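Taken in order, these protein sequences are the chains called Y and U. Heads up: the first sequence runs through residues 1 to 159, numbered per this note's numbering. Heads up: the second sequence runs through residues 1001 to 1209, numbered per this note's numbering.
Among the hints, a few may not be true.
Unchecked claim - List of simulated lysine-lysine pairs, DSBU-like, C-alpha gap at most 30 Å:
1. U:Lys1078 with Y:Lys89
2. Y:Lys124 with Y:Lys89
3. Y:Lys106 with Y:Lys89
4. Y:Lys151 with U:Lys1078
To be verified - Some chain Y residues flagged as far from chain U (calculated, every beta-carbon gap over 12 Å):
5. Gly4
6. Arg29
7. Trp52
8. Leu58
9. Asp79
10. His86
11. Tyr101
12. Lys106
13. Asp126
Hints in this document: simulated from the structure, not taken from any laboratory. Predicted model, so just to flag it, every value in this text is computed and none were measured. Heads up, the beta-carbon is just placed ideally off N, CA and C, and yes, glycines get one too.
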Amino acid sequence: MFSGEAIASLLAEVGVTHVITVPDSTIGRWESAMDRAGRPRLVRVCREGEAWQVAAGLYLGGATPLVMIQCTGLFESGDALRNALHDWKLPIFSIIGYRSYLDQAKLPGDTCLVFTEPILDAWKIDYRLITSPSELHVIRDHFIGCRDAGKAGAALIAE
Amino acid sequence: MTGVSPTRSAVSRIPLVGSLETLRRVRRDDEIVITTMGSAREWMTLGERHALDFILVPSAMGHGTSIGLGLALAQPNKRVIVCSGDGSLLMNLGSLASIVAANVPNLAVIVFDNGVYEVTGQQPTAGAAASRVDGRGADFCGIARACGFDSVYAFSDAPGWTNGARRALDANGPTFISLDVEPVAGGTAPHSPGPTSARAQQLMAALRR
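Same shape as in the complex, but just chain Y (with noise of 0.2 Å):
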């Protein structure tokens, strides 16, 4: 879908300073280039709950972190980021992989699809689905517009 050039451009350019990860096949092979680009710098954790939660302290620490997982990483997460989301406020920007959205051959009837897009609505999180790589700008307008709201936001990139 992008490049992690490009991805790495875009966070460096909106002012992200940390990316608090657990790669799947897609977001992971934007690792190399946001490594060497250096900035954001990358965390690497053991689970996506982790990620939300060193988010949580890097926001308060006055950094501008955003954590980037794959859609079964946001269901093993939920009380965590209900936790640093809902319970603190703290108006924390995700990166989701949407697993099987373009590809279904690999997993034929993968439960990725029932179940992504309604826990990211019960867990009151604006999202922006991305299905497509002329649709960059629309990551950086919802990251802008969640920023300056002081809400929690996510783009859910179609894998």
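Put chain U on the given structure of chain Y with help from the hints.
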């Protein structure tokens, strides 16, 4: 560096309140202290709160160490001290590997190991000696070392912690400290000391000063 005993001595364990009083006494003015669950409940009884106290109530299960990692990354010139329970740490053991990977010399994790989920009625954790056929509790210091922590300390009695706390906290981090503490009889879940949004803003303002 001290090894941790695989079995706990019922007579020598450190009172939780006393262990926190020691931390409060040796804590420096520019150090951030995060407390959770039982440590948060008792910390709030010890006197006026410091601007860099972060009472992590409400919390996500076991994530004090992760919040601490984020704060340590964002504030590299301030030491961050995370007070976690053993039950909480067991819920987020992977965070110890993440902390080492992030290379944060200014982070210290203190695990107050009482072997039980205190606030739910003192049920043994899966890591507690009482849960094990062989009576050997989980070796948190061993886990920390295996994750890559170089500065690892274990204290099983109050005088040892009183005398060694500052030295342990001053070690080149990330630092892992295990305290063998006594469960608090009837210890309940802590109450939130105020609106979360306001408390988050207060901490952020204190860190900007």
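Hints, verified against the model:
Proximity of Lys1078 of chain U to Lys89 of chain Y is assessed by CA-CA distance (about 24 Å); at most 30 Å being required, the pair is judged to hold. Of the supplied pair hints, the one linking Lys124 of chain Y and Lys89 of chain Y holds, its CA atoms being roughly 12 Å apart against a limit of 30 Å. This hinted pair does not check out: Lys106 of chain Y and Lys89 of chain Y have alpha carbons roughly 38 Å apart, beyond 30 Å. With a CA separation close to 28 Å, the supplied pair Lys151 of chain Y and Lys1078 of chain U stays within the 30 Å bound.
No Cβ of chain U comes within 12 Å of the Cβ of Gly4 of chain Y; the nearest lies about 20 Å off, and the non-interface call holds. Residue placement check: Arg29 of chain Y keeps its beta carbon more than 12 Å from all beta carbons of chain U (closest about 20 Å). At the 12 Å boundary, the C-beta of Trp52 of chain Y falls inside the reach of chain U, the nearest C-beta of that chain being 8 Å off. Residue placement check: Leu58 of chain Y does not keep its beta carbon more than 12 Å from all beta carbons of chain U (closest about 4 Å).
For Asp79 of chain Y, the shortest C-beta to C-beta distance to chain U comes to about 5 Å, within the 12 Å cut-off, and the non-interface label is violated. Against chain U, the non-interface label of His86 of chain Y is violated: not every CB pair exceeds 12 Å, the least being about 9 Å. Listed as outside the interface, Tyr101 of chain Y is consistent with that label: its C-beta sits roughly 28 Å from the nearest C-beta of chain U, beyond the 12 Å cut-off. Lys106 of chain Y, annotated as away from the interface, keeps every beta carbon of chain U farther than 12 Å; the closest lies near 27 Å.
Once the 12 Å rule is applied to beta carbons, Asp126 of chain Y is consistent with being away from chain U; the minimum gap is 18 Å.
In this structure, the hints that do not hold are numbers 3, 7, 8, 9, 10, in rising order.
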